[in-house]
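Asker: Heads up: the protein sequence lines correspond to chains Y and W, in order. If you count the first sequence from 1, you need to add 5 to reach the numbering used here. If you count the second sequence from 1, you need to add 1 to reach the numbering used here.
Because the hints were derived from the structure by calculation, they are not lab data. The structure presented is a predicted model; accordingly, all values stated were derived computationally and were not measured. Be aware that one or more of the hints could be misleading.
Unchecked claim - Which residues of chain Y face chain W? A partial, calculated answer using Cβ under 7 Å: (1) 12; (2) 47; (3) 49; (4) 79; (5) 109; (6) 110.
Stated by the list, open to error - For the chain W half of the interface with chain Y, some residues (derived, Cβ under 10 Å), not all of them: (7) 34; (8) 42; (9) 46; (10) 106; (11) 111.
Beta carbons are placed, not taken as given, at the ideal position from N, Cα and C, and that holds for glycine.
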Amino acid sequence: QQPVQSPQAVILREGEDAVINCSSSKALYSVHWYRQKHGEAPVFLMILLKGGEQKGHEKISASFNEKKQQSSLYLTASQLSYSGTYFCGTGPFTGTASKLTFGTGTRLQVTL
Amino acid sequence: DAGVIQSPRHEVTEMGQEVTLRCKPISGHDYLFWYRQTMMRGLELLIYFNNNVPIDDSGMPEDRFSAKMPNASFSTLKIQPSEPRDSAVYFCASGWTGGNSPLHFGNGTRLTVT
């Protein structure tokens, strides 16, 4: 079943912060985060594993709450380049890039 | 590294025609995935391979869809016959078994079936 992301869309001014949430009805072992710009392929941002938290990209970090089956992506001091659609991908196994199910997506627009 | 290479970038075909999409994964990656992206359904996993062997094809929508991976450097996704509802962007992605492995996506093939 597809993870649910919230919000569906958000508009920020440059420099503002944002939080994107990803919730799953199934137990989570790993969560991937990707960003896709219009007309391009999704690009990997970071991966979080059960029992850990990993910061992977620019001023973007994430958390992973196994009990709540949720992950959140934090974008700090947003830049114009952060604009795009963010997807979480949840996996049945830790680490191995196998059978990710992607969320519904969150469209982020950063303006001047 | 050249990344994941897909061809063609765009494909326009008429209903009933056969369509073949191609993918070259990153050298050394042992997982290959085919995803389909539409506005309505988002990114859907169609099938994935591990060491050239199909592991899970439960996402393949119908028998009209088939995928092969004859060797570690090449995979195809075929639709025969194609239908207008197959119109979407098809992504190939590769990854490897090592811990913390991300997916590397190709640039996708935009398929339009008229």
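Asker: Please go over all the hints and tell whether each is borne out by the structure.
Answerer: Verification of the supplied hints:
| no. | hint | in the structure |
| --- | --- | --- |
| 1 | 12 | violated, 16 Å |
| 2 | 47 | holds, 5 Å |
| 3 | 49 | holds, 4 Å |
| 4 | 79 | violated, 19 Å |
| 5 | 109 | holds, 6 Å |
| 6 | 110 | holds, 6 Å |
| 7 | 34 | holds, 8 Å |
| 8 | 42 | holds, 9 Å |
| 9 | 46 | holds, 6 Å |
| 10 | 106 | holds, 4 Å |
| 11 | 111 | holds, 9 Å |
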